[in-house]
Amino acid sequence: GLGPYEARERADVFRRFNIQMVEEMAMVENDTKARAAVYKRTSAMLSEIITEDREHLSLIQRHGWQGTEEGKHTGNMADEPE
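Residues 1 to 82 (full-length UniProt numbering) are what the sequence shown spells out, left to right.
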């Protein structure tokens with residue numbers, strides 16, 4: 001699984017996303033079509049975030065927290081631990 005820090009980071013990402021979605025829905029509360037559009041867009045974004053999280057967790061489980069030469073976490077060297 002995840003360590004406490006990374007679990008908290010993932011929860012914070014979800015929380016920010018959720019708050020943003022609720023705020024957007026509130027702005028268009030009387031417009032059914034606009035609310036449906038917000039829902040579809042945010043639902044797709046959430047699915048993407050969940051997929052990325054699962055892939056990242058799988059990589060961490062295979063290669064450890066700091067990764068290995070075969071398993072860099074993001075593929076972007078600037079994001080990798082030293």
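Hints listed in this document are in silico derivations from the structure and should not be mistaken for laboratory results. Just to be clear, a hint being listed does not mean it is correct.
Stated by the list, open to error - Below, computed lysine to aspartate or glutamate pairings styled on DMTMM-like, alpha-carbon distance capped at 25 Å: (1) LYS33 / GLU48; (2) LYS33 / GLU55; (3) LYS40 / GLU24; (4) LYS33 / GLU23; (5) LYS40 / GLU55; (6) LYS40 / GLU29.
Hint check results:
Annotation: proposed proximity of LYS33 to GLU48 holds, straight-line Cα distance about 23 Å (limit 25 Å). Simply put, LYS33 and GLU55 have alpha-carbon atoms about 33 Å apart, too far for the 25 Å limit, and the pair is violated. A C-alpha spacing of about 12 Å is found between LYS40 and GLU24, which places the hinted pair at or below 25 Å, so the restraint holds. With a C-alpha separation of about 16 Å, the suggested pair LYS33 and GLU23 falls inside the 25 Å cut-off, and the hint holds.
For the proposed pair LYS40 and GLU55, the alpha carbon gap of about 23 Å is at most 25 Å, so the pair holds. Restraint check: the Cα-Cα separation between LYS40 and GLU29 comes to about 15 Å, which is no more than 25 Å; the hinted pair holds.
In summary, the structure is inconsistent with hint 2 from the numbered list given earlier, while agreeing with all the others.
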